[in-house]
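Novice: Sequence:
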Amino acid sequence: MSKRTQSIRSLFAAGSDEAQPGETRAPVQRVASGAVRSLQDTFSEVERDYEALKQRIAEGALPVELDPSTVYPSPFADRFSDQDVAAIEALTASIKEHGQEIPILVRPHPSVPGRYQIAYGHRRLRAATELGVPVKAYVRDLDDNRLVVAQGIENSAREDLSFIERAIFANKLEGSGFQRPLIQSALSVDRAEVSKLIAVAQAVPDSIVAAIGRAPKIGRGRWQELADLLQGSNSEAKARKAISDKTFSHKDSDGRFAAVMRALKKADKSDGTASAAPTIARSTAGAEIAKLSLSGKHCKIQISRDRDEAFAVYLMEQLPDLYESFKRGKPSSEG
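Count along the sequence shown from 1, then add 15; that gives the number in this note's numbering.
I should point out that these hints are in silico values taken from the structure, not numbers from a laboratory. It is possible that part of the hints are untrue.
[As the list claims (entries may be wrong)] Quick list of in silico lysine-lysine cross-link-like pairs, DSS-like style, CA-CA up to 30 Å:
hint, residue 1, residue 2
1, K266, K281
2, K187, K151
3, K266, K187
4, K280, K315
5, K256, K232
6, K256, K280
7, K315, K253
8, K266, K306
9, K281, K261
10, K232, K261
11, K253, K187
12, K306, K281
13, K280, K266
14, K315, K232
15, K266, K256
[What the hints assert, rightly or not] Label pairs and their in silico Cβ distance ranges:
hint, residue 1, residue 2, range
16, R141, Y338, 40 to 48 Å
17, Y338, D156, 37 to 45 Å
18, P149, R237, 38 to 46 Å
19, D260, P125, 37 to 45 Å
20, H313, L77, 53 to 61 Å
21, C314, G192, 23 to 31 Å
22, C314, S264, 28 to 36 Å
23, I318, R237, 14 to 22 Å
Ideal Cβ positions, reconstructed from N, Cα and C, are used throughout, including at glycine.
Required output: the full structure, derived from the provided sequences and hints.
Specialist: And the structure:
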């Protein structure tokens, strides 16, 4: 047996250390037990670090790179499609030159394996898609409540949503069964503001909102005025006539809002349709509380904002219960 063979065998031998007769075995270099233990500790530490890294990624503490095509929109979209093209182009150029510095936030898609739904970072996702590069993202397990709060807080903190986008978002959340306190948290507003947002969203038809767009410079006061004007006789038809004008689509979103407002104000001034005298509700002390006006297809209840805005908000919150009570007490017309 060669010395090389004997040396290899000795490394794995479990028996005596004595040399076989006629053979001279090379001495085995033994590794100190402390060095072996140190190596084992090093491997254990690497494994712990690796497991900790996997855990942090699983918890969404570290970003990962995703194919943009695997990221779907939020089921509770808070943005309109007509975004600021110049801003998106500038972001795309910045990411191309410097890379994506701030990750987006997504959650695993609840029904499509290997896909995700975005909470915030729509513009960064769009830029990555246009550049054909992976998008950096935090992946976190979010239920619907945490998803809408995350996307609402992110956009509200940057004041990134226009008034009507926030109004439509709030109305969409309520229509999906979310409670008012959660909607308040998502939009970082109080109860009264949520009521105003939802009231405007419900008063302006979706088709008119879609035609106007996000109108970034138009605040609550002017949208409320538009909502009031839309209560007039044939007002929706007049608004749609303005929208169908060949110059309408060439205006920016704020300009489209102004065009609809001009058309409704002009129609309001020229409308000579007679209406019944208003009915006035008074307090026990004789002060006017509200005024009911009947015109065309609509009943309009007016409450002084300066004096009774809080009461108007309270009344809106109570209306569903009042309506159900009215329906239960109303005699059936079926014989």
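Novice: Could you check the structure against the hints above and give me the numbers of any it violates, in ascending order?
Specialist: Structure breaks hint 8 only.
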